[in-house]
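J.: If you want the building blocks of each chain, they are given just below.
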Amino acid sequence: MDFKDVDRLAEYRQGARDWVAEHVDPAWAEQQRVSGSYHTPELHALLAGQGWLGAGWPAEYGGTDNDPDMAAALFEELDAAGLHLDGWATTKMISNTLLHTATEEQKREYIGGALRGEIIIVLGYTEPDSGSDVAAAKTRSERDGDEWLINGQKMFTSTAHRGTHVFMLTRSNTEVPKHKGLTTFMVPLGSPGVEVRPIYTLGGQRTNATFYTDVRVPESARIGPVDGGWGVMHVALVFERSGGGGGRKSGPTLAERVAAWAQRTRRDDGTRVYDDATVKERLARIAIDAEVARLLGMRTAWISATGGLPGTEGSAAKLFNAESAQRQHWDLLDILGAEAVLAREAGDAPLTAAVEEAWRRGVVGTIYGGSSEIMREIVAERVLGLPRVRARS
Amino acid sequence: MDLSLSEDQLTLRAAFAEFFDKESTLERVRAAEPLGFDQDLWTKLAGTGAVAMGLPEDAGGGGASALDLVLVAEQYGRRIAPVPFPEAAAAGHVLAQASAAELVGGVADGSTLATIALSPAHDGRLRLVPAGAVAEVVVALDGDRLIALRRPPGARPHVAPSPNFGSSPLADWPLDEGEQTVLATGPYARQLHQDGVSMWQLLTAAALGGLRASALELGVAYVKARKAFGVIIGSFQAIQHRLADVVVAGDGAQLLAFEAAWARDAGQPDAAALASMAFLFNADCAFRTARECLQFHGGYGFTLEYDIQLYFRRAKAWPLALGDSRREYERLADLVYAEHEGEE
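Chains A and B supply the protein sequences, listed in that same order. Using this note's numbering, you'd call the opening residue of the first sequence number 1 and step up by one each time. Using this note's numbering, you'd call the opening residue of the second sequence number 1001 and step up by one each time.
Isolated chain B, as found in the complex (with noise of 0.2 Å):
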């Protein structure tokens, strides 16, 4: 056991701190609202090298670990980066795996912007694909088909975002228009999938991590500063005991993500189970937090002018790209409670 961050981890996570501090102020963050992509970001971004870093060395990556990209995507979530990292991460992952060379080196050179369907096409199209409003190219399962969809780069948005409270750059995808590749076939097609849809989760576990200390450094401060009946509401009761149980969950929600990253990187047999773990619980962290943070917030919380609201929306808009969580919980269950006949 050692809990602890090499060097070169503590390194890279201030290098991306500095990054997205700098780069991914809250005016920038507005300023790329309601579209939620700004491509002055994402072309720095990719400039560091951290949308290629996790691909592997052959293909032109860094071959990074899972723990080095969920590094990067707390440090993302930490300041609502308008750019689809976790997406792009994933979706090159899953490029790579499916040795799909041409649509890798793009990803790897920063020149394509790719993403991935989480859920499986229907009635011809991909609805609400994330990033999709500004990816050239989707990652899907069309059937038991892994397929790559591609339009011709272009002037972002290249398709008409869906106007969302997230801010995030939604939009659907009909399998008839532009360039189709079939990446693999089968139950292989199916695996490729899940194990990208996996590896989203874990980045966006990290992500929402860090949306969560964000939403939580706001909220101290606030009550902190704040006075009511004479004294600073941060010194009541009900203030302090609900922050001091986000506090502590939210601790145990990076340590998971910590452990789901460890656990793909070191092949443990459970990565799968953990990385939904840490999706489930990182979401509902986050949403806890930016919730009580908001209502301590008071009458300011419900405006657009105070900075929560923007952690807010996004704490629940973020996880529910994947659909009703329940229905994760679900399938979790199933991983975690495996059936064995005959036993007590």
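Next comes chain A alone, as it looks inside the complex (with noise of 0.2 Å):
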């Protein structure tokens, strides 16, 4: 057994420091905290036409020979600058879900469109009535002549108001068990009869409700077989759930941040915060649950390593993950005291507010990519081999 955690990307870290500098507008990442539009267009358009989009796919498919490594320190850095990809992030988990699914026309334009920046590709799974029970997708898709007519509606489709094309999830058979009469489409944005609608958020991000009036797609829009779109979306799952995971980020952690703040802050009565035994109670227990979510991950990222399939690992770590980071929020929010509610727009928030942020932030964290109900059913069921709660459809 070896834990040392080798930093793969360390010589790649100066240079993507370097690119950053020169090349990020300090402005973007305060302009995507303000208008909670987590994907700046001028930064995508500049990352597609350097090739960094392009780094290690096919080049049949528009691949590029940028090195993959320093494209990944690049992301990774511009994360830690503040910057959210999520225009990006969908793109490149549906380019990949079209790598494996779809046809070579269609993964010459749309994967091609993807990498050099001109497509953009947001998600359509989740509806009004439907979350984590994807598969009763209600959006009708029909038959009609050599095209397809779409109508419905897609809840959280993040970046719709950016994007080029819907990854949609359709119903396209009522007359058979539900996971057999669905159908996967790339539905374009700009089409006639699409509107995108914003939805805010309590972590501050926009993401959209999209609807669909009798929006005509043509048959080289559908992605795998009719009513096949099952299949699609088994590996579309894989992709979105198969995050990285395991590495050290680099500066101070939200607790070591609060810490240090405890141990130079002193309460109304004198004492300094940091000397109350439930306080480095709680630090203690943070550093301990985040050092067990690291390792979960580090799991993961080791399976997938050596050729495996982290399944029911990958839940675990996700659902660790999610519900500790949560308990950390609330723990580190007491322990800033009354000026933790505190908004960066106050002026005077301890630590600019980074706590009450990623409070807000991290709701969302036990809910999408996999709700904790639904890792810890499939956990009883996969690991423990439980009887199944509810009926199969």
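Don't read these hints as lab results, they were simulated from the structure. Where is the CB? At the ideal position from N, CA and C, for every residue including glycine. Treat each hint with caution, since some may be false.
[As the list claims (entries may be wrong)] Sample of chain A residues with no beta-carbon within 10 Å of chain B, all distances over it, derived:
| id | residue |
| --- | --- |
| 1 | Gln-14 |
| 2 | Leu-46 |
| 3 | Leu-99 |
| 4 | Glu-313 |
| 5 | Glu-339 |
| 6 | Val-383 |
[Unchecked claim] Pairwise CB distance ranges, derived in the manner of DEER restraints:
| id | chain 1 | residue 1 | chain 2 | residue 2 | range |
| --- | --- | --- | --- | --- | --- |
| 7 | A | Thr-174 | B | Met-1001 | 28 to 36 Å |
| 8 | A | Asn-151 | B | Lys-1224 | 41 to 49 Å |
| 9 | B | Lys-1224 | A | Val-196 | 48 to 56 Å |
| 10 | A | His-23 | B | Lys-1224 | 41 to 49 Å |
| 11 | B | Thr-1181 | A | Pro-252 | 44 to 52 Å |
| 12 | B | Ser-1006 | A | Asp-7 | 23 to 31 Å |
| 13 | B | Thr-1025 | A | Glu-175 | 52 to 60 Å |
| 14 | A | Arg-8 | B | Ser-1006 | 45 to 53 Å |
| 15 | B | Lys-1022 | A | Ile-367 | 44 to 52 Å |
| 16 | A | Asn-151 | B | Asp-1002 | 21 to 29 Å |
| 17 | B | Gly-1143 | A | Asp-69 | 50 to 58 Å |
| 18 | A | Asp-7 | B | Pro-1157 | 34 to 42 Å |
| 19 | B | Gln-1191 | A | Pro-26 | 45 to 53 Å |
Two independent chains are provided; combine them into the complex using the hints.
T.: What follows is the structure, given as structure tokens:
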């Protein structure tokens, strides 16, 4: 066994920092924070134009010669600079899915366009009446001559107001069991009949509800077989849940920053916050939880790196990570005391409101990408062999 | 990064799984209560070399790694074996570090049962020494002196045991009884003792991990068999989700114990903090798991007849030997969040 945390990208870090210093407008991060739109078109175009989006992709679909490790270091450095790349995250997820499920022609069109920065793909799975039960989608797709007619509504289509296509799960057959009547499409967001309405969230991010009224798409927009959409979704969901993990982020953690704050801050009665035994206990528990979350993520990464598929291990890591992050935020807010409620705009919020922002952002962690309840169900069923709670449909 | 065990480690683990399966059945565990010590099992365990394996080779030991010891401790915990393995291994480690050649020799050849007093002497005695009722030698801190107290061997228990819910062979040791040897003095004495406690924490963490896994097996088997309202209770979401939570935390607890062992072997600067984390988290997981699984047994969980109570009692008692865990959390905080002047 060896738990050494080798930074695979160490030799690229400085180059990535230099790139960010040279190309990134410091105003972008603040624009994202204030608008809630976690996609900056100028940045996306820059990354595509310089070939960074295409790094590591097959040349026949538009892959570039850029070093994939440098690209990975670059994306991490942008993240550290407070920049979200949500448009690229979903585009990459679906491009990977298309690599396994689309026709040659579709791969060249969509992946090629995505790597050149011309196509930005958003996710259209969730609906007003279905979230975790994703296969219950009701948005209709009906054949009409050489075309398909799409009618319905999708929820949480983040970045749809900046995207070009929505990768959509639709109901093509109502006469068969729900998993067998689904078909997936690439629907251009510029089509007549598409409407995008903003939804604002607790975490500050803007997402969307999207409406589709008699939207026409050609047969060539269909991904995978008619009524075979659930098979395509299986691939797509693997790419959604198999994020990286196991690495230590550079710079102090939120808990370390709060600990340092507690060590230099006195309460009204003159005592130092850090000298309160209950504060120390909570900080220690947070450190343990963080280490456990890191190790579970490391296990997932290790299984992937050694050629395995981290199924239940990925669910375990996701569950512990999201739940422990929320527990951490609640405790850190309490430790900061009354001032913990202050927003960044207050000007004198502790740690520039880093804890309150993380707290609000973290709320969705136990909900999206498979809710904690679904993760527990997977563990109970597949690890412990307990019977499925709900009936199969 | 490599999370796999070597061939040798897998063989070692399988060998001790087999040993404890055979030699520490729950009938034997029950028969050893209330004292919590089985002389025959202890003799056999010493005969396998398990107690000596972690000692340096020049002291008659096997030079095994902390990870090897953790693998053995896990199997020991799985069968809640009525022998003081973590205590003896930690005491042997301190004696070897202090170059107490004669005492180490006895530990290495299995003739001497040594243990470690986790708390310093107070008012002239060592209070509730783990394995104190059955040990011939106790390694302890008395002020700034690291001492070994020795009693002549005899029929066990040597010292009047203090009856307790963990069925642990606890006993008080007055400092003025027995032969006393000073092993070290000053800061070095404290450092050696703390390192011994850290080794005990690591092995107890692994033992609690094994205990947790067995308690979970019992609980899962029960909820798969027991019916209520016409269906097996394991089909209830309230039970499934709580079991899933302890499974996931338990996976993390095991990884944490392995990481702490690796850190000790590799001389990592955070090895002591990781041992403390592994101890606290495994204690928490073991008790939560045993508690949930006892709860799911319904009324039977409250009876002495069902085995889950054997795990439940020890899951709380083993870590309590070190005192209130809140104090250990505080100590850990100081290890993790070392103070740096002038930082943000």
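J.: A separate judgement is required for each hint: does it hold in the structure or not?
T.: Evaluated hints:
no.: 1; hint: Gln-14; in the structure: holds (23 Å)
no.: 2; hint: Leu-46; in the structure: holds (31 Å)
no.: 3; hint: Leu-99; in the structure: holds (27 Å)
no.: 4; hint: Glu-313; in the structure: violated (8 Å)
no.: 5; hint: Glu-339; in the structure: holds (16 Å)
no.: 6; hint: Val-383; in the structure: violated (6 Å)
no.: 7; hint: Thr-174/A with Met-1001/B: 28 to 36 Å; in the structure: violated (49 Å)
no.: 8; hint: Asn-151/A with Lys-1224/B: 41 to 49 Å; in the structure: holds (46 Å)
no.: 9; hint: Lys-1224/B with Val-196/A: 48 to 56 Å; in the structure: holds (49 Å)
no.: 10; hint: His-23/A with Lys-1224/B: 41 to 49 Å; in the structure: violated (58 Å)
no.: 11; hint: Thr-1181/B with Pro-252/A: 44 to 52 Å; in the structure: holds (46 Å)
no.: 12; hint: Ser-1006/B with Asp-7/A: 23 to 31 Å; in the structure: holds (25 Å)
no.: 13; hint: Thr-1025/B with Glu-175/A: 52 to 60 Å; in the structure: holds (59 Å)
no.: 14; hint: Arg-8/A with Ser-1006/B: 45 to 53 Å; in the structure: violated (23 Å)
no.: 15; hint: Lys-1022/B with Ile-367/A: 44 to 52 Å; in the structure: holds (49 Å)
no.: 16; hint: Asn-151/A with Asp-1002/B: 21 to 29 Å; in the structure: violated (53 Å)
no.: 17; hint: Gly-1143/B with Asp-69/A: 50 to 58 Å; in the structure: holds (56 Å)
no.: 18; hint: Asp-7/A with Pro-1157/B: 34 to 42 Å; in the structure: violated (54 Å)
no.: 19; hint: Gln-1191/B with Pro-26/A: 45 to 53 Å; in the structure: holds (49 Å)
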